[in-house]
Amino acid sequence: MKNYFYHRSNQKIAALVFALTAALDLQAAGVSSDAGDYQALPGGTNLAVAYYQHTEADKAYANGDKVADDLDLSIDLGILRYVRFIEVGDWIVDPQFLLPFAKQKMNGADDISGVGDLIVGGIAWPLHDAEKGRYFGFGGFLTVPTGSNETKGFAISNDRYQYNVQAGYYHALTDKFALEGVGQFELYSEQKYTNIEKEVFFQTDFSALYKVTDKSNLAVTWRHTDGGKEKVNGVTERGSDRKDTFVVSASTNIKPNLQLLLQWRQDVNVENGLEISGLQSRLLYAF
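Under mature numbering (1 follows the signal peptide of the UniProt record, and there is no 0), residues -28 to -1, 1 to 259 are what the sequence shown spells out, in order.
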């Protein structure tokens, strides 16, 4: 926001594709933060945000072994997001909602398109020192299984409730250079149609941000994810989604209240799940 600024082998592959949400939902559905998101904006600020992301995956891994090399899976994803910053005593909070929609393609399968699961939640900042550039916030998000095509392995319709809890700290070292760290975990209800139980999922993000000009910023993010093992009747069907991801971000203010952000991401060190690469854009309007 701020910066104003995933004959047994086939079963494994199917499970990985069905579980693409584990690899995409945090980042693509907007629960993951972009670099700089933990800078709170002043109370009374509203944000209307639109995301577009093109993501591809050919390789899938299970227990560190490659089990597919030609999935030819792609997703074109859009997200609509509304955020309002409110002063509550000495704190700032930002209630918000996100609604994703997407078109999904995979080699040998029918195309799927539709609306994803609704996400509601927000962050609260007990520390928001704009003068020193120091911010600490924590909060949570609830994903409600309202999406379409939930029984077809649609990446943004997970057919379960998801409970995300996160906290982050932003620290400006100089007028131009800042560091940010965000940690989060996610809990899941059982999937209704598959009876799949999913264990807790963890993610950490560390970002370095550089202010190029008063209007433009660059950032590099290292992300580590782990957890999310899936079981049916106590039998493990898919291991933890353990991987690292590198993200490069560039943003510029087209107008004082209109910002364009471009991102590139690449997964590395994938132990389980899909190796994903992709581009994302974000248009943010503040009012």
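Wrong hints could be hidden among the right ones.
[To be verified] Lysine to aspartate or glutamate pairs mimicking EDC-like chemistry, simulated, CA-CA at most 16 Å apart:
#	residue 1	residue 2
1	Lys164	Asp186
2	Lys75	Glu103
3	Lys227	Asp186
4	Lys201	Glu169
5	Lys227	Asp198
6	Lys227	Asp216
7	Lys77	Asp48
8	Lys31	Asp186
9	Lys148	Glu103
10	Lys77	Asp42
11	Lys201	Glu243
12	Lys203	Asp147
These aren't lab readings, by the way, just hints derived from the structure by calculation.
Now the hints, each set against the structure:
1. Lys164 x Asp186: violated (49 Å)
2. Lys75 x Glu103: With Cα atoms ~43 Å apart, Lys75 and Glu103 exceed 16 Å; violated.
3. Lys227 x Asp186: With a Cα-Cα distance of about 12 Å, the restraint between Lys227 and Asp186 holds, given a limit of 16 Å.
4. Lys201 x Glu169: OK: Lys201 and Glu169 at ~8 Å, within 16 Å.
5. Lys227 x Asp198: violated (39 Å)
6. Lys227 x Asp216: violated (34 Å)
7. Lys77 x Asp48: Between Lys77 and Asp48 the Cα gap is close to 9 Å, so the pair holds against 16 Å.
8. Lys31 x Asp186: violated (40 Å)
9. Lys148 x Glu103: holds (13 Å)
10. Lys77 x Asp42: holds (13 Å)
11. Lys201 x Glu243: With Cα atoms ~12 Å apart, Lys201 and Glu243 stay inside 16 Å; holds.
12. Lys203 x Asp147: Violated, because 49 Å separates the two Cα atoms, which is more than 16 Å.
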